[in-house]
Amino acid sequence: MSNITDLSLNELVDNVKSKKISSKEITNAYVERSKKSNKLNTYIEQTFDSAIKNSEKFDKSPNLEKKLPGIPFAVKDLFCTKGIKTTASSKILENFIPTYESTITQNLWDAGAILLGKLNCDEFAMGSSNETSYFGNVISPISDNLVPGGSSGGSASALAAKLTPATIGTDTGGSIRQPASFTGTVGLKPTYGSCSRYGIVAFASSLDQAGPMTRNVKDCSLLLEVMSSFDHKDSTSVDFKRPNYCLDLNKNIKGKKIGIPKEYRVDGMPKEIDKLWEKGKEYLKDCGAEIVDISLPHTNYALPTYYIVAPAEASSNLARYDGVKYGLRADGENLIDMYEKTRSQGFGEEVKRRIMIGTYVLSSGYYDAYYLKAQKVRKLIKNDFDDVFKKVDAILTPSTPSSAFKVGEKSNDPVSMYLNDIFTVPVNLAGLPGISIPAGLDKNNYPLGLQIIGKPFDEQNILNIAYSMEEKINFKLNIKDWWIK
Amino acid sequence: MAIDLKTVKHISKLARISVNDEKAKKLEKDLNLIFKWIEQLNELNTDKVEPLTSIAETTLRLRKDKILSENIRDEILKNSPNDNKDYFVVPKVLE
Amino acid sequence: MDQVSKDQYVIEKNGNKYEVVIGLEVHAQVLSDSKLFSTSATKFGSEPNTQVSLVDAAFPGMLPVINEYCIKQAVKTGIGLNAKIHKKSIFDRKNYFYADLPQGYQISQYKDPIVGEGNVILDLPSGPKTIGIERLHLEQDAGKSIHDIDPGSTLVDLNRSGVALMEIVSKPDLRSPEEVNLYIKKLRSIMRYLGTCDGNMQEGSLRADVNVSVRKFGDDKLGTRCEIKNVNSIKFMQMAIEYEANRQVELLEEGGKIDQETRLFDTKKNQTRSMRSKEDAHDYRYFPDPDLLPLEFNDEYIENVKKEIPELPDQKKNRFIEKFKLTPYEATILVSDLDTSKYFEKVIEKSDVKLSANWITGELFALLNDKNLEISQSPIGPENLSKLLNLISDGTISGKIAKTVFEIMSKDEEDPNVIVKEKGLKQESDPKALEVLIQKVLSSNEDKVKEYKSGKDKLFGFFVGQVMKESKGKGNPQLINKILKEKLNG
Numbered sequence: 001m002s003n004i005t006d007l008s009l010n011e012l013v014d015n016v017k018s019k020k021i022s023s024k025e026i027t028n029a030y031v032e033r034s035k036k037s038n039k040l041n042t043y044i045e046q047t048f049d050s051a052i053k054n055s056e057k058f059d060k061s062p063n064l065e066k067k068l069p070g071i072p073f074a075v076k077d078l079f080c081t082k083g084i085k086t087t088a089s090s091k092i093l094e095n096f097i098p099t100y101e102s103t104i105t106q107n108l109w110d111a112g113a114i115l116l117g118k119l120n121c122d123e124f125a126m127g128s129s130n131e132t133s134y135f136g137n138v139i140s141p142i143s144d145n146l147v148p149g150g151s152s153g154g155s156a157s158a159l160a161a162k163l164t165p166a167t168i169g170t171d172t173g174g175s176i177r178q179p180a181s182f183t184g185t186v187g188l189k190p191t192y193g194s195c196s197r198y199g200i201v202a203f204a205s206s207l208d209q210a211g212p213m214t215r216n217v218k219d220c221s222l223l224l225e226v227m228s229s230f231d232h233k234d235s236t237s238v239d240f241k242r243p244n245y246c247l248d249l250n251k252n253i254k255g256k257k258i259g260i261p262k263e264y265r266v267d268g269m270p271k272e273i274d275k276l277w278e279k280g281k282e283y284l285k286d287c288g289a290e291i292v293d294i295s296l297p298h299t300n301y302a303l304p305t306y307y308i309v310a311p312a313e314a315s316s317n318l319a320r321y322d323g324v325k326y327g328l329r330a331d332g333e334n335l336i337d338m339y340e341k342t343r344s345q346g347f348g349e350e351v352k353r354r355i356m357i358g359t360y361v362l363s364s365g366y367y368d369a370y371y372l373k374a375q376k377v378r379k380l381i382k383n384d385f386d387d388v389f390k391k392v393d394a395i396l397t398p399s400t401p402s403s404a405f406k407v408g409e410k411s412n413d414p415v416s417m418y419l420n421d422i423f424t425v426p427v428n429l430a431g432l433p434g435i436s437i438p439a440g441l442d443k444n445n446y447p448l449g450l451q452i453i454g455k456p457f458d459e460q461n462i463l464n465i466a467y468s469m470e471e472k473i474n475f476k477l478n479i480k481d482w483w484i485k
Numbered sequence: 001m002a003i004d005l006k007t008v009k010h011i012s013k014l015a016r017i018s019v020n021d022e023k024a025k026k027l028e029k030d031l032n033l034i035f036k037w038i039e040q041l042n043e044l045n046t047d048k049v050e051p052l053t054s055i056a057e058t059t060l061r062l063r064k065d066k067i068l069s070e071n072i073r074d075e076i077l078k079n080s081p082n083d084n085k086d087y088f089v090v091p092k093v094l095e
Numbered sequence: 001m002d003q004v005s006k007d008q009y010v011i012e013k014n015g016n017k018y019e020v021v022i023g024l025e026v027h028a029q030v031l032s033d034s035k036l037f038s039t040s041a042t043k044f045g046s047e048p049n050t051q052v053s054l055v056d057a058a059f060p061g062m063l064p065v066i067n068e069y070c071i072k073q074a075v076k077t078g079i080g081l082n083a084k085i086h087k088k089s090i091f092d093r094k095n096y097f098y099a100d101l102p103q104g105y106q107i108s109q110y111k112d113p114i115v116g117e118g119n120v121i122l123d124l125p126s127g128p129k130t131i132g133i134e135r136l137h138l139e140q141d142a143g144k145s146i147h148d149i150d151p152g153s154t155l156v157d158l159n160r161s162g163v164a165l166m167e168i169v170s171k172p173d174l175r176s177p178e179e180v181n182l183y184i185k186k187l188r189s190i191m192r193y194l195g196t197c198d199g200n201m202q203e204g205s206l207r208a209d210v211n212v213s214v215r216k217f218g219d220d221k222l223g224t225r226c227e228i229k230n231v232n233s234i235k236f237m238q239m240a241i242e243y244e245a246n247r248q249v250e251l252l253e254e255g256g257k258i259d260q261e262t263r264l265f266d267t268k269k270n271q272t273r274s275m276r277s278k279e280d281a282h283d284y285r286y287f288p289d290p291d292l293l294p295l296e297f298n299d300e301y302i303e304n305v306k307k308e309i310p311e312l313p314d315q316k317k318n319r320f321i322e323k324f325k326l327t328p329y330e331a332t333i334l335v336s337d338l339d340t341s342k343y344f345e346k347v348i349e350k351s352d353v354k355l356s357a358n359w360i361t362g363e364l365f366a367l368l369n370d371k372n373l374e375i376s377q378s379p380i381g382p383e384n385l386s387k388l389l390n391l392i393s394d395g396t397i398s399g400k401i402a403k404t405v406f407e408i409m410s411k412d413e414e415d416p417n418v419i420v421k422e423k424g425l426k427q428e429s430d431p432k433a434l435e436v437l438i439q440k441v442l443s444s445n446e447d448k449v450k451e452y453k454s455g456k457d458k459l460f461g462f463f464v465g466q467v468m469k470e471s472k473g474k475g476n477p478q479l480i481n482k483i484l485k486e487k488l489n490g
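Listed in order, the protein sequences are those of chains F, W and Y.
Note that the first sequence covers residues 1 to 485 in the numbering used here.
Note that the second sequence covers residues 1 to 95 in the numbering used here.
Note that the third sequence covers residues 1 to 490 in the numbering used here.
The set of hints was computed from the structure by calculation and includes no laboratory data.
No experiment lies behind these values; they were computed from the predicted model shown.
Among the clues, some could well be false.
Simulated DEER-style distance windows between Cβ atoms [stated by the list, open to error]:
no.: 1; chain 1: F; residue 1: Lys39; chain 2: Y; residue 2: Thr262; range: 54 to 60 Å
no.: 2; chain 1: W; residue 1: Leu68; chain 2: Y; residue 2: Pro294; range: 22 to 28 Å
no.: 3; chain 1: W; residue 1: Asn82; chain 2: F; residue 2: Lys39; range: 36 to 42 Å
no.: 4; chain 1: F; residue 1: Asp293; chain 2: Y; residue 2: Asn82; range: 15 to 21 Å
no.: 5; chain 1: W; residue 1: Leu68; chain 2: F; residue 2: Glu32; range: 41 to 47 Å
no.: 6; chain 1: F; residue 1: Ser364; chain 2: Y; residue 2: Pro151; range: 34 to 40 Å
no.: 7; chain 1: W; residue 1: Lys78; chain 2: F; residue 2: Lys285; range: 36 to 42 Å
no.: 8; chain 1: W; residue 1: Leu68; chain 2: F; residue 2: Ser364; range: 36 to 42 Å
No more than 30 Å apart at the CA atoms, straight line, and that leaves these computed lysine-lysine pairs for DSSO-like [claimed, not checked]:
no.: 9; chain 1: W; residue 1: Lys29; chain 2: F; residue 2: Lys91
no.: 10; chain 1: F; residue 1: Lys455; chain 2: Y; residue 2: Lys229
no.: 11; chain 1: F; residue 1: Lys285; chain 2: F; residue 2: Lys406
no.: 12; chain 1: F; residue 1: Lys341; chain 2: W; residue 2: Lys48
no.: 13; chain 1: W; residue 1: Lys48; chain 2: F; residue 2: Lys410
no.: 14; chain 1: Y; residue 1: Lys88; chain 2: W; residue 2: Lys48
no.: 15; chain 1: Y; residue 1: Lys229; chain 2: W; residue 2: Lys13
Using N, Cα and C, we set each Cβ at its ideal position, and we do this for glycine too.
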């Protein structure tokens, strides 16, 4: 039999259900591999001992009806986990131990999954390269010194390096899809309201959505099925009938109309990306889909809009980290002094920069010029998609305007870093589902992804399209275990 | 709209983040760069556009007036930087 | 308005007459079991931090879910204030840092409140006066900072954190401390009738920020106002207004300028003073709370809430005047408090209306006032008072004896019939028995009888008094009068 860690999530589930492999064997395999992979710096907290104990417990009386029976999972450290340190990769939460569980992780455990540990990410999910983490940057298994993308960089890296069979991330402006694209994996951001935000450390409430990160599309559909649920504890959670994404997954996309937005052909985009995009169109045609040229005229304004809306919400969401109730507290002569020192010492530079941006755009005299303006443009961006979705069933775009970059390459130029999210951000602004699938390699053999954007709550459709394309693309992630000595 | 050092200091005060002069200068530079880029939004005339108020495709759900939370004081105070068993404790507030 | 009438509140300095302009922002705690956005209890007086959920303490990833009952309470109150109910309203975040504000923001309503313009009618001695209501919105209360337990630090209790408040903002229509008194009482009365706020100021369920400015009589323009924060009793509000208005007038007369600022009322010195954190000009950075959606409801919802609105003080007052022929003054007093009006309506089920009104507003109020009790705590219940009044009406006892019985009732809470019987206080209404007494008095005062008959009418009272004395106070005064007159004039 091949290595356990080479098996896909669905294969593992099947093997457990047919009692060919035990939960403990799987857990052990991932623990062992994870232990040898510290160089990638993917984990912030490892719960290997309890994971093995839990796998033994599972094997003793296995419930094989579960969707993720005894499957170990490492998760992004933005999900609050009861009794397990949850830091959001920030010094300000360095020692924070929640007494509660996020709905998403609870759904995982309810489905039989076992926690392996908490994965590194950009601090408070603010970043596109996983370089803003207080716990150090994450290395991509693709190549030494290469960023895995962000903010779910630890998740993408751990997934690609096979330290976890699948994982979960959060996506505010591309934080699942961009690292998936950079690491040759599959990442889906669900429709806003599909996955509960309860218990996830908030970055920007109107944009944040948790989603699955997996090695293939079928795994993605299975994990989404487990994650997505209606939650009374989240006022923005939408009560709709959730399909059995995995069961209903199929390759019948004949007659589907797929839009190609001309605005996504940006200046300076590498030729390889354009080529892959063209290839993607051909594959879709081969599957019987119809390609339609479309326009999303306000695309260019999405990023600046995002960099007003997201920091504004973040500046307010992060006000609770004040040294009073939990987390870091610096000594101060008085209350205000304590606040200012705690927050200055507790937050990293990028987080502080975004809090400053957000505070500024909401401040007296600037609200209309920035925040209100941004919410109007956001409306226009949403209208663009609404109009287009009257004509097409889904949209195909590149996931990112470039492949992964070197550690440190963009960290001194915030705007050029922000530009990385140019294709993913509009999807968050419009609250739509989007999936990134690996589509090929660039000249350095770094992975590149294509993104499929769907109508609200039409995840099944984009999964089916991705599933069909995946077969045609037949992408193989060939990672040599260079970091394992 | 250029952001000067005084504005940076004012904003940091509002955000309750202390910045020294060196950091303030760096922030001044970064913020000006970012806002120069953001200002491309002004190309768009949005006078007649209604701002987006919510992205969730649903209406506000209402909860029944039921007490479901019990006394979890120990849990609430457990992560507090101070070890008082009844209260959160902060440096003396003057007012 | 150059004419200054004599019942207006005026501050005079150097011969200049100033008018005081007051607006109130009343914070009324919504009567509900659980908090506005969390499922913790709202009960007053519990052990510190025992009614705090993860949401109230703003733990990472916690989200607000709104309480439908609090919304209904706000709509009810809006209807009670004759106000426009907004079918769409928005919850905003008001951002500021404070020890007892765990989220670093308060969820409130800024541009789009749930209730718009309305009004409250005050019954002034000079006639009714309408006070405009600007708006009513829902918001979260903060926790409590305690500065006097630990000398070195401030302690924070979050029990109150997240409790629903209605902020009711008046227009600057109030002109004197007395109007403020009547306004708060009227507002409280309306909310108690509606059951939306208990109005208990000792427990902080009703507090107000008071905006005060002054201007010379005849000026159209409003003066610069100062806001006195968080005053929690009517008395303090009145004192604060008086102090603040005088301070402003003095400053202006000295050629000074009023700074628009937030001030505190120091209840020990009876003064207002500027709040220290001036360097920190507030910039609340309001924006719609992205964790919540706009609050929307339809006409049907509002109509259904309207069906639950009870008779309110103004309507009740009109009914009392029309149906029971009470004077506006009596009616105003009897409806001012829901419990009083209920008490009154209970008594008049079996007793004379006028007599009931007199006794409730007279003897009963004096008793309650004396003992510092609410009418709901009255030692004399409406049934017993009704019995007592019926004893007067049917001539069993005199009004005077009734007062004696009333006093006994206030102590041992007994049935007045029993008291009258046991103490033998029944009025002597037998004409024959009274004639005997009268004859006795007349016989032993023959000289006085002569004087009376020669024209000294005033002596009649003397005879009545003597007969009463002989009857040990129990003689029926009407009968004594009648018989005496017959005897003396006959």
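Checklist entry - Which earlier hints turn out false for this structure, listed by number in ascending order? => result Checked against the structure, the hints that fail are numbers 4, 7, 10, 11, 12 and 13, while the rest are satisfied.
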